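**Student:** Sequence:
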Amino acid sequence: MSFLVLLLVLVIEKFSGWRGRIQRDGLWLGWLDTVGGIKSLSERPWLGILVAVLPPLLLLALLLTILDPVAYGLLALPVQLLVVVWSLGRGDVLRAIGPFRDAWRREDAQGAYHVAERDLGVQAESDDDLLAQVQGTLVWQAYQAFFAVIFWYALLGPVAALAYRLLAIAADQGRQPLLRERAAQLRHAFDWLPARALVLSFALVGNFVAVTRMLLHDLLAWDVPAARLLARAGYVAEDFNEGGLGAKGVASLDALWQLLVRSAVLWYAVFAVWTLLL
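In case it helps, the working numbering puts the sequence shown at residues 55 to 332.
Careful: at least some of the hints might be erroneous.
Below 20 Å or equal to it, Euclidean Cα-Cα: the simulated EDC-like pairs (lysine to aspartate or glutamate) are [stated by the list, open to error]:
(1) K302 <-> D156
(2) K302 <-> D226
(3) K302 <-> D181
(4) K302 <-> E292
(5) K68 <-> D146
(6) K93 <-> E235
(7) K302 <-> D146
(8) K68 <-> E292
No wet-lab data here; the hints were simulated from the structure. Since we're looking at a predicted model, the values are computed, not measured.
Model the full structure from these sequences, guided by the hints.
**Tutor:** Following this line, the structure appears as structure tokens:
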């Protein structure tokens, strides 16, 4: 069933607008604010984040436990599908990056700086730094929106996928600083394994020697942020030549996206073989 859910997720993501209608964060953010408003929990942020995250996870686990034995698990399939689709990232990174690509192709540096800050939250002091940050943003957004969720769903099921997204939203949008900090620390732990798996995927579908040579030291380091590791791995795996304003810079973004697509195909192939063997 897991592989069927993953295939349906891919179909929904690529060929329908259901994701935008399913992904509503208001209930979770409201519950997070409620927990953050309890003084005893706000003073003990580790307890607070656990109190916030555990109830929805336990409710999902209980629901799936009830539905799994019914009709050979067919009733659990739509629940798992809804949970995984909700757990995917918010927004569309390709759409968000489109105005930057257009400005960069036209060699409109001022316009590129403006749309990068407006649409991607990226600021830089030089053209090369701006392009590198946008490249890193593309890889990170694709990872956290898709790869991390798919990884945890395939490994531990929908409860783990939901936990990842709840922590990501809490870390990015939580109003209580201490809860937000603890959520970010837990998310870092959740990112450690799938980020390394994606780096290894980059090595397999990209420049294997360059990736292993440059990132072997950081691959097992706990304190290296996933976003920085993935940005470096993507850059090295594609073996970029000179960038700069114009078509070459845009080509580097296209090459990065193709690297991500090849990695996704590799992951789905591995999951398919894993499903058959199990």
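**Student:** Next, verify each hint and record whether it holds.
**Tutor:** Quick rundown of the hints versus the structure:
| no. | hint | result |
| --- | --- | --- |
| 1 | K302 <-> D156 | holds, 13 Å |
| 2 | K302 <-> D226 | violated, 33 Å |
| 3 | K302 <-> D181 | holds, 13 Å |
| 4 | K302 <-> E292 | holds, 13 Å |
| 5 | K68 <-> D146 | holds, 11 Å |
| 6 | K93 <-> E235 | holds, 17 Å |
| 7 | K302 <-> D146 | violated, 23 Å |
| 8 | K68 <-> E292 | violated, 25 Å |
When held up to the earlier numbered hints, the structure conflicts with 2, 7, 8 and fits the remainder.
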